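2 protein chains.
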Amino acid sequence: MSWTLARRAERLNPSIIREILKVTERPGIISLAGGLPAAEGFPIEALREASDRVLTDAPREAMQYAASEGFGPLREWVAAEMATQGLHVPAGQVLITAGSQQGLDLCAKVLVDAGSTVAVESPTYLGALQAFAPYEPDFLPVACDDQGPLPQGLAAVRGARFLYVLPNFQNPSGRSIGEARRVALVEAAAKAGLPMLEDNPYGDLWYDAPPPAPLAARDPDNVVYLGSFSKVLVPGLRLGYVIAPPALFPKLLQAKQAADLHTPGYSQRMVHEVVRTGFLQQHLPAVRARYKGQRDAMRVALERHLQPLGCRWTVPAGGMFFWVELPAALDALALLPQAVDAGVAYVPGSAFFCADAQANTLRLSFVTVSPERIAQGIEALAGMLQRALQGEPVPAASA
Amino acid sequence: MSWTLARRAERLNPSIIREILKVTERPGIISLAGGLPAAEGFPIEALREASDRVLTDAPREAMQYAASEGFGPLREWVAAEMATQGLHVPAGQVLITAGSQQGLDLCAKVLVDAGSTVAVESPTYLGALQAFAPYEPDFLPVACDDQGPLPQGLAAVRGARFLYVLPNFQNPSGRSIGEARRVALVEAAAKAGLPMLEDNPYGDLWYDAPPPAPLAARDPDNVVYLGSFSKVLVPGLRLGYVIAPPALFPKLLQAKQAADLHTPGYSQRMVHEVVRTGFLQQHLPAVRARYKGQRDAMRVALERHLQPLGCRWTVPAGGMFFWVELPAALDALALLPQAVDAGVAYVPGSAFFCADAQANTLRLSFVTVSPERIAQGIEALAGMLQRALQGEPVPAASA
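Chains Z and S, in that order, are what the protein sequence lines are.
Per numbering that gives the first Met the number 0, the very first residue in the first sequence carries number 0; after that it's consecutive.
Per numbering that gives the first Met the number 0, the very first residue in the second sequence carries number 0; after that it's consecutive.
Please keep in mind that the hints were generated in silico from the structure rather than gathered at the bench.
Since the structure is predicted, the reported quantities are computational estimates derived from the model, not experimental observations.
Certain hints may be false.
A pair counts as met if it fits within one copy or between any two copies, since identical chains are not told apart.
[Claimed, not checked] Using 20 Å as the maximum straight-line C-alpha spacing, the simulated EDC-like pairs for lysine to aspartate or glutamate come out as follows:
| no. | residue 1 | residue 2 |
| --- | --- | --- |
| 1 | Lys-291 | Asp-112 |
| 2 | Lys-190 | Glu-18 |
| 3 | Lys-190 | Glu-9 |
| 4 | Lys-291 | Glu-371 |
| 5 | Lys-190 | Glu-378 |
| 6 | Lys-21 | Glu-68 |
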């Protein structure tokens, strides 16, 4: 065998969640484990019309090699959209990427050396850990409460290449950073000389009130902002964007060019056709209404079935996930096979920690399952947890 | 400024070619500098029908998150197609990527440490140097002749993580590796314990006879094969594939997942719809006929105008490029502004060398320019070269 792997290949590993999802795809399982948006809500007709228009108006341009920066009008749209949220940047600072996952990869490529410290929330988004890990950082969790990072915790991660933050309806915890905390966090970060990566895939999925202005709007030179069309339109086109300060933009652009030359012009033009006339303003309320109903169904089911068992959670004001803390004695990873046997699946919370994992946590998604099935799933989960708490023998695994 | 760049960011630089292309986009310039395929030949109608079918038959699956490995039926098609070329691998060894550029990036991510040696042809494809460079290798050119790497040159690059080879109608040189050389090269690589990356974007663009079986077919455990739909269908969808031995496949897959989760299912399904019924067998002869006519026009023009000046080239048996060696005294990079003033553009050959650049070389693309314009462009180039050879004063740059 003549191949020698790079040292960083040791930091590449199969996604724990994807491995779990394989197990939970057995028929009949109510899966609350997924991180997918609900496909029933995809605006297929609008996408079809957009595709027709692109293939009529500019088919050859759409199918030819294109600029690494992205499709100009889509970059302009993103800049205009961000301005409505308080982040004022020229379109020249918008880089279109293959989903925000690629934005995370490019940021780490440009910013992380082997042995660099990268500060993260605890828990944090697993996909970000996976994107950063091949660049061999040391992950350092920052102190958090139920609003995310504590401003007074930033001094302890001074010197990190950046702090990665997901401020709205975080994956996995569902928590959000409020207005006052944002002000304090941005100030503390500037004081500590700590730049931030702000990842905002879920910001438009609010069910009660829109979230406060992004961190990047408060200190655009110290914060890179990552956005995505995955949760507001469709994930399968793999379209996201990075908004970077002028000090970083050229290097991110060169990294993008080296990685895949450019994001497909066809899909960028399609999405631009869909969004340019204000489609999201009609579409998003429907998505929010659907997901809010499912969130409420899960809240009710949790109150009914898991509250009596001593479980705790915070109701997420948006996004896709509840984060549940089980009684301290229970280990969510160890219990997963029993949950699957009981007909319900979740993601054990330990997957989302880079250190000091809380074994008694789990993540539940409410967006791809009907309210009725959510109720059934939570009831089944409660039954399994009750048996575990009572120390009952584990039922034999079904064949 | 709180951002600290990774050391590798020093190895990220603007593409010289893209900078040149900006200059040559002035109206009236006959650009022989591009590396784009001809958009007139894009099968727009077939793509439109394929899009319709995907959006009718499986719209939600196409727009949802999907497997990092790629769309199963497309992987099967690639495996079957490669079998006709002598490379027999299961579809499980096919990874769908965002163009073969991403294949190059992922291979380097998994195989290259800072300070690793990467052996390359001389000259070699600039995009590959750009993909590999951020992983901080030392590039080592392998001895080449007009058929590519010399088998006896491989011992000198022993210990390299891999040798990067583009065996068919190489970008930039247009040269190809013949059957006997392939046999000797694979044998010498195995003997030297030197794995190879075989990049084959142009193999289907043959104008005289199909190329010999790929290197990977001769030693599949020692060669990673990179293929692309960019030149046979369209580049703008960014679809390529990596065929990797079982020893490497899982790490490449994990690197793909970390980089962008997966390639869009929609475009994979579209391309699968186009190719599954044998469309390429009807489409490729038309592309070949078009490009062959343009190649022949350039050959005739070069013979007529550049031969008398002492320039040399080998007629490429396929692909998109002529590689021209000017008289030794001339520097193609220094002369480019004069060429542009004379109304014609090329890419200076020095961009394609990682060391010991030959300043008197240039690359000419024949695929996006009509035979008439090719003749005009080469005549203008000859005029400029003649003036340079005669030491005439440089004409003032046009305003």
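Which numbered hints turn out to be false for this structure? Hints 1, 2, 3 and 5 not satisfied by this model.
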